[in-house]
Amino acid sequence: MGFELDRFNGAVDPDFKCNLCNKVLEDPLTTPCGHVFCAGCVLPWVVQQSSCPVKCQRISTKELNHVLPLKNLILKLEIKCDNHSRGCEKIVKLQHLAEHAEMCDYSPAKCRNKGCNEVLNLKDMDAHMRESCDYRAVGICESGCGLMLTHKEQKLNNHCCLKALRVHNGALQGKVVSLDKELKKQALKSGKREKSLLAQLSAVHNELQMTALKYQKKFTEYSARIDSLSKSLSPPCKDNKDGTSNEGIFVSKIVENGPADKEGGLQIHDRIMEQVRVLAEHVNLCHRVTGAIAVVNMPYAHVSDSSWADRTQEISASNMLQGSSGSYERA
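Adding 97 to a residue's 1-based position in the sequence shown gives its number in the numbering used here.
No wet-lab data here; the hints were simulated from the structure. Quick reminder that beta carbons are idealized off the backbone N, C-alpha and C, glycines included. There may be inaccurate statements among the hints.
To be verified - Below, simulated PhoX-like cross-link-like pairs (lysine-lysine); rule was C-alpha separation at most 25 Å, straight line:
(1) Lys260 <-> Lys249
(2) Lys211 <-> Lys120
(3) Lys190 <-> Lys207
(4) Lys168 <-> Lys152
(5) Lys211 <-> Lys272
Claimed, not checked - What follows is a list of derived Cβ distance ranges for each label pair:
(6) Lys281 <-> Arg155: 49 to 57 Å
(7) Gly184 <-> Gly267: 13 to 21 Å
(8) Ile188 <-> Leu219: 51 to 59 Å
(9) Asp110 <-> Ser182: 49 to 57 Å
(10) Pro166 <-> Leu276: 51 to 59 Å
(11) Lys272 <-> Pro166: 53 to 61 Å
(12) Leu170 <-> Lys292: 54 to 62 Å
Using the sequences provided together with the hints, build the complete structure.
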């Protein structure tokens, strides 16, 4: 769309002008044939005509490219404020124009007093609303309605309590209707959200049930392994003088120059209790998985928050059990 030439401080290089609108380029795009146009000018043209505006060849929008070096040069040009016609004398670089416009005291603004349609400079708004606006509040009606009086009503002495109350009630009814529509909208939105959450909860419950069945199968397998390992351990040593049984693994041979063949190392007939401890830990984990399976099989609608937390802990325990399955096999 381009920027008007007379807004710039000084002469503008002809190469900075759009070949369509003849204004200073805004977001310049180049065609494959080397012509440069404003993005807002050339895009609609190419969409409709499928050709370069100079009509030298057929092109598509995909063939248009930004000209960043040219754009950067244009952004450094000095330009008058958008509100120059309203009294702002500020001249800024084009790249800072939008930032200045947000804070410009001469930006147009509509009076916020109800009934007033005046459009003023932003810097004059406060004084207008307090001192000169005919619709500014000046006091409360003492004739019985209790509504706020405007300066115009007070000046013309034409305030009618009945009419004012009807207008006020109409405005309130309008707000009630608007709020009712918003309430129905939110209720519909909440209903859809509730259905979505219930569907997600059902999916999670089904997934957990499948996980429970999976771990129940593993539990059965691990229990069988534990029983097998327990039976495969060496029988209690009968050579103890006190007659007590000694569970564990007994050293029957020491390899020469091996890790145990050193002073203070293992000796033949020494007993290793580590395997018994590991088996006990595995049994505990299996019991925890059993508890997890019982919780998961409960209907999800009746499971309390604490039950879900317990179930998470039990599933974690079963994961530990799964990770330690290698120790069963190695044993």
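Here is what the structure says about each hint:
1. Lys260 <-> Lys249: This hinted pair holds, its Cα atoms lying about 16 Å apart.
2. Lys211 <-> Lys120: violated, 41 Å
3. Lys190 <-> Lys207: violated, 28 Å
4. Lys168 <-> Lys152: holds, 24 Å
5. Lys211 <-> Lys272: holds, 16 Å
6. Lys281 <-> Arg155: 49 to 57 Å: holds, 53 Å
7. Gly184 <-> Gly267: 13 to 21 Å: Given about 40 Å between the Cβ atoms, the range is violated.
8. Ile188 <-> Leu219: 51 to 59 Å: violated, 19 Å
9. Asp110 <-> Ser182: 49 to 57 Å: violated, 25 Å
10. Pro166 <-> Leu276: 51 to 59 Å: holds, 55 Å
11. Lys272 <-> Pro166: 53 to 61 Å: With a Cβ separation near 55 Å, Lys272 and Pro166 satisfy 53 to 61 Å, so the hint holds.
12. Leu170 <-> Lys292: 54 to 62 Å: Given range 54 to 62 Å: holds, Cβ gap about 57 Å.
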